[in-house]
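Chemist: Residue numbers (full-length UniProt numbering), protein chains in the order written: chain F, 1 to 103; chain E, 1 to 103.
There could be a bad hint or two in this list.
Since the list gives no way to pick one copy over another, a pair counts as held whenever it fits inside one copy or between any two copies.
[Unchecked claim] The list that follows gives simulated cross-link-like pairs (lysine to any residue, SDA-like), each with its CA atoms no further than 25 angstroms apart:
1) K2 x I39
2) K80 x I101
3) K23 x Y4
4) K50 x V94
5) K96 x M85
6) K23 x P36
7) K96 x M28
8) K82 x F100
9) K12 x K80
10) K23 x T3
These are calculated hints, taken from the structure and not from any lab test.
Given the structure is predicted, the values throughout are model-derived calculations rather than measurements.
One-letter residues, chain by chain:
2 protein chains.
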Amino acid sequence: MKTYYAVIFTSKRTVEDGEGYAKMAEVMDELAQKQPGFIRVESARNADGKGITVSYWESLEAIQVWRENSKHLVAQQFGKEKWYMQYNVEICQVIKDYSFIQN
Amino acid sequence: MKTYYAVIFTSKRTVEDGEGYAKMAEVMDELAQKQPGFIRVESARNADGKGITVSYWESLEAIQVWRENSKHLVAQQFGKEKWYMQYNVEICQVIKDYSFIQN
Numbered sequence: 001m002k003t004y005y006a007v008i009f010t011s012k013r014t015v016e017d018g019e020g021y022a023k024m025a026e027v028m029d030e031l032a033q034k035q036p037g038f039i040r041v042e043s044a045r046n047a048d049g050k051g052i053t054v055s056y057w058e059s060l061e062a063i064q065v066w067r068e069n070s071k072h073l074v075a076q077q078f079g080k081e082k083w084y085m086q087y088n089v090e091i092c093q094v095i096k097d098y099s100f101i102q103n
Numbered sequence: 001m002k003t004y005y006a007v008i009f010t011s012k013r014t015v016e017d018g019e020g021y022a023k024m025a026e027v028m029d030e031l032a033q034k035q036p037g038f039i040r041v042e043s044a045r046n047a048d049g050k051g052i053t054v055s056y057w058e059s060l061e062a063i064q065v066w067r068e069n070s071k072h073l074v075a076q077q078f079g080k081e082k083w084y085m086q087y088n089v090e091i092c093q094v095i096k097d098y099s100f101i102q103n
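Next up, chain F with everything else stripped away, as it sits in the complex (with noise of 0.2 angstroms):
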């Protein structure tokens, strides 16, 4: 197995859909696919507001790179200042990987 990266990045929103979220939120996917370095990434939110975003990272530098893109920056202080009441970041090597499809 090739090694890559995930960054785990676990959030409660402020409230629903405020302040252009889902739109920031679809920009900032689609930035992030035309990042070097970028494998893919996958979503799920629950109805409370409780959200969990795997991004998927061929280096650890690509990752940093897009931690420190400007765009990103803005938005990453936008949810600071209005969608979330909180949130966790994990950087993390993968191991290990295996995967089920139904037939």
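Based on the hints, put chain E in the right spot on chain F.
Modeler: Positioned in the frame of chain F, the structure of chain E alone reads:
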């Protein structure tokens, strides 16, 4: 930071709460929390059936023990047969973490 591990379980459900899924998920969550080395678990699921569960563990051995737990194995088998169209699992070592809480 003390070394710890994350198991990312991304799934696509078959039918809404079919065949006792919710009950089994609840029992599995309770059981996981009793395992040695368990830290915490986070879950979110979209209305369309896409879900992400991340469990955090103190060691790879704890993850292995949980994976081979007999009751959990039954749930895994049910999951393959009935509840999941597909799932992916990544076992990861957390390299770095940070968090934000709204004042």
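Chemist: Run every hint past the structure and note whether it holds.
Modeler: Each hint tested on the structure:
For the homomeric pair K2 and I39, the shortest alpha-carbon distance inside one copy (12 angstroms) is at most 25 angstroms, but the shortest distance between copies (28 angstroms) is not. Taking identical chains as interchangeable, the C-alpha atoms of K80 and I101 lie at most 25 angstroms apart only when they sit on different chains, with a minimum of 8 angstroms there against 38 angstroms within one chain. Taking the shortest alpha-carbon separations for K23 and Y4, neither the intra-copy value of 29 angstroms nor the inter-copy value of 34 angstroms comes in at or below 25 angstroms. In the homo-oligomer, the alpha carbons of K50 and V94 lie at most 25 angstroms apart both inside one protomer (24 angstroms) and across protomers (21 angstroms), since each shortest distance falls under that limit.
Taking the shortest alpha-carbon separations for K96 and M85, only the inter-copy value of 21 angstroms comes in at or below 25 angstroms, while the best intra-copy value is 32 angstroms. In the homo-oligomer, the alpha carbons of K23 and P36 lie at most 25 angstroms apart inside one protomer (23 angstroms), although the nearest pairing across protomers, at 42 angstroms, exceeds that limit. Within a single copy, K96 and M28 get their C-alpha atoms only as close as 28 angstroms, which misses the 25 angstroms cut-off; across copies the closest is 22 angstroms, which meets it. For the homomeric pair K82 and F100, the shortest alpha-carbon distance between copies (13 angstroms) is at most 25 angstroms, but the shortest distance inside one copy (38 angstroms) is not.
Taking the shortest alpha-carbon separations for K12 and K80, only the intra-copy value of 11 angstroms comes in at or below 25 angstroms, while the best inter-copy value is 30 angstroms. Taking CA atoms no more than 25 angstroms apart as the test, K23 paired with T3 passes in neither setting, with 32 angstroms inside one copy and 36 angstroms between copies.
Hint violations for this structure: numbers 3, 10, all remaining hints satisfied.
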